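Line by line, the protein sequences give chains A and B. My numbering numbers the first residue of the first sequence as 1 and each following residue consecutively. My numbering numbers the first residue of the second sequence as 1001 and each following residue consecutively.
Derived by calculation from the structure, the hints in this document are not laboratory data. All of these numbers come straight from a predicted model, not from anything done at the bench. Every residue, glycine too, gets a C-beta built ideally from N, C-alpha and C. There could be a bad hint or two in this list.
[Said to hold, decoys possible] A short list of chain A residues far from chain B (calculated; beta carbon distances all over 10 Å): (1) D15; (2) S32; (3) A44; (4) T46; (5) V49; (6) D61; (7) K98.
[To be verified] Pairs of lysine-lysine, DSS-like flavour, derived with a Cα cap of 27 Å: (8) K65/A to K1028/B; (9) K1096/B to K93/A; (10) K1182/B to K14/A; (11) K65/A to K1182/B; (12) K1141/B to K93/A; (13) K1182/B to K68/A; (14) K1033/B to K98/A; (15) K1209/B to K93/A; (16) K1144/B to K93/A; (17) K93/A to K1203/B; (18) K1141/B to K1028/B; (19) K93/A to K1182/B; (20) K1028/B to K98/A; (21) K68/A to K1003/B; (22) K98/A to K1182/B; (23) K68/A to K1201/B; (24) K1096/B to K1033/B; (25) K1187/B to K68/A; (26) K1096/B to K98/A; (27) K1201/B to K1187/B; (28) K98/A to K1201/B; (29) K98/A to K1161/B; (30) K98/A to K1031/B; (31) K1161/B to K14/A; (32) K1096/B to K68/A; (33) K1187/B to K1203/B; (34) K1031/B to K68/A; (35) K1144/B to K14/A; (36) K65/A to K1141/B; (37) K37/A to K1187/B.
One-letter residues, chain by chain:
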Amino acid sequence: MSLREGLIAVVGDKDSVLAFKAIGVDVFPVDSEEEAKERVHMLARTHSVIYVTEQVAIWADMYIKRYKARAYPVVVPIPSASGNSGMGLAGIKANVEKAIGADILFDREDK
Amino acid sequence: MAKLNVNPTRMELRRLKTRLKTAVRGHKLLKDKSDEMVRRFMLYVRENKRLREEVEGELQAALKAFMLARATSSDAVIEEAFAMPGTRVRLSASSKNIMSVEVPSFEIIKEEGGEMYPYSFASVTSELDGVVSSLSELMPKLLKLAEVEKTCNMLADEIEKNRRRVNALEYVMIPQLEETIKYITMKLDENERGATTRLMKVKSMLEQKD
């Protein structure tokens, strides 16, 4: 894989993403499903890492799934300003279940 | 298990025997690969979990602080403050190979001389400074998370695929080949016995004639 332009993008509702602008990453506020889909789809071609808020991750799920099997772009869900629904940890859990067949990572800690 | 649809000939038997050998060898190799991948996956996924918990906690704290900071100034002031970022985070993005899975790997390229706070201190409150500094401290961790999480994703995918291959070999290919080989051997033996009895019969008929 050739070297990509190492650009980072953050996609999400305005309240959550504006803060990222100060530290020098590309910020794209979206507030509808269509916008989110289109934005993620476009960014996939130009950016290596895309952080999406949980809402956007749900909206653009169709595209994000498609990028799962490739090395780039890396799409990472992050909690938004309005709270954390545990989506990220659920993703890890799903990975463990897929690979091992049973969830051995989280199960142990509950007990 | 159904046998393959082949002619019971010696040539076919030899061909199947080589195929069986390859299949058994491939099965062993894939199984070893699967074991090693699971081991690596466990290492990564533990790190993934730890990082995610850390990042989510810190990020939420930072975003909450940002909300508060926003509340103390007007929207226009905040927008203006962030309109021109002083620094830019860049990555050198490449990929590395883990068990023949291409996973991403990043390195942050620090741009020197950038101003961390892209606004005039006079216009906004000090809470905003705290948010910006904690977010930029969080950035390396966020990137590490991206890298590790993607690695986990791809490894999990690959492990699943690999398991399918192993199972297909173990429960379909190898039994099928074994069954077919057995069938051909029996058929050939049967033919041979048939030929022997025929010869004996012919011989006894010739003797009777004399």
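Checked hints:
1. D15: With a cut-off of 10 Å, D15/A comes too close to chain B, as the shortest Cβ separation is near 7 Å.
2. S32: Since the minimum Cβ distance to chain B is about 20 Å, S32/A lies beyond 10 Å and the statement holds.
3. A44: 13 Å, holds
4. T46: Non-interface label stands for T46/A: nearest chain B Cβ at 12 Å, farther than 10 Å.
5. V49: At roughly 5 Å from the nearest Cβ of chain B, V49/A sits no farther out than 10 Å, so the non-interface label is violated.
6. D61: 14 Å, holds
7. K98: K98/A is in fact no farther than 10 Å from some Cβ atom of chain B, at 5 Å.
8. K65/A to K1028/B: 32 Å, violated
9. K1096/B to K93/A: 24 Å, holds
10. K1182/B to K14/A: The hint is violated at about 69 Å.
11. K65/A to K1182/B: With a Cα-Cα distance of about 46 Å, the restraint between K65/A and K1182/B is violated, given a limit of 27 Å.
12. K1141/B to K93/A: 20 Å, holds
13. K1182/B to K68/A: 44 Å, violated
14. K1033/B to K98/A: 17 Å, holds
15. K1209/B to K93/A: This hinted pair is violated, its Cα atoms lying about 86 Å apart.
16. K1144/B to K93/A: 19 Å, holds
17. K93/A to K1203/B: Cα-Cα ~77 Å, so violated.
18. K1141/B to K1028/B: 39 Å, violated
19. K93/A to K1182/B: Cα-Cα ~45 Å, so violated.
20. K1028/B to K98/A: 22 Å, holds
21. K68/A to K1003/B: 39 Å, violated
22. K98/A to K1182/B: 37 Å, violated
23. K68/A to K1201/B: Outside the cut-off at roughly 72 Å; violated.
24. K1096/B to K1033/B: It holds: about 18 Å lies between the C-alpha atoms, which stays within 27 Å.
25. K1187/B to K68/A: Measuring from Cα to Cα gives roughly 51 Å; hence the hint is violated.
26. K1096/B to K98/A: 23 Å, holds
27. K1201/B to K1187/B: Judged against 27 Å, a Cα distance of about 21 Å means the pair holds.
28. K98/A to K1201/B: 65 Å, violated
29. K98/A to K1161/B: 10 Å, holds
30. K98/A to K1031/B: 17 Å, holds
31. K1161/B to K14/A: Violated - the C-alpha atoms of K14/A and K1161/B are around 39 Å apart, more than 27 Å.
32. K1096/B to K68/A: With Cα atoms ~16 Å apart, K1096/B and K68/A stay inside 27 Å; holds.
33. K1187/B to K1203/B: Distance ~24 Å between K1187/B and K1203/B Cα, so the pair holds.
34. K1031/B to K68/A: 24 Å, holds
35. K1144/B to K14/A: Judged against 27 Å, a Cα distance of about 24 Å means the pair holds.
36. K65/A to K1141/B: 24 Å, holds
37. K37/A to K1187/B: Measuring from Cα to Cα gives roughly 63 Å; hence the hint is violated.
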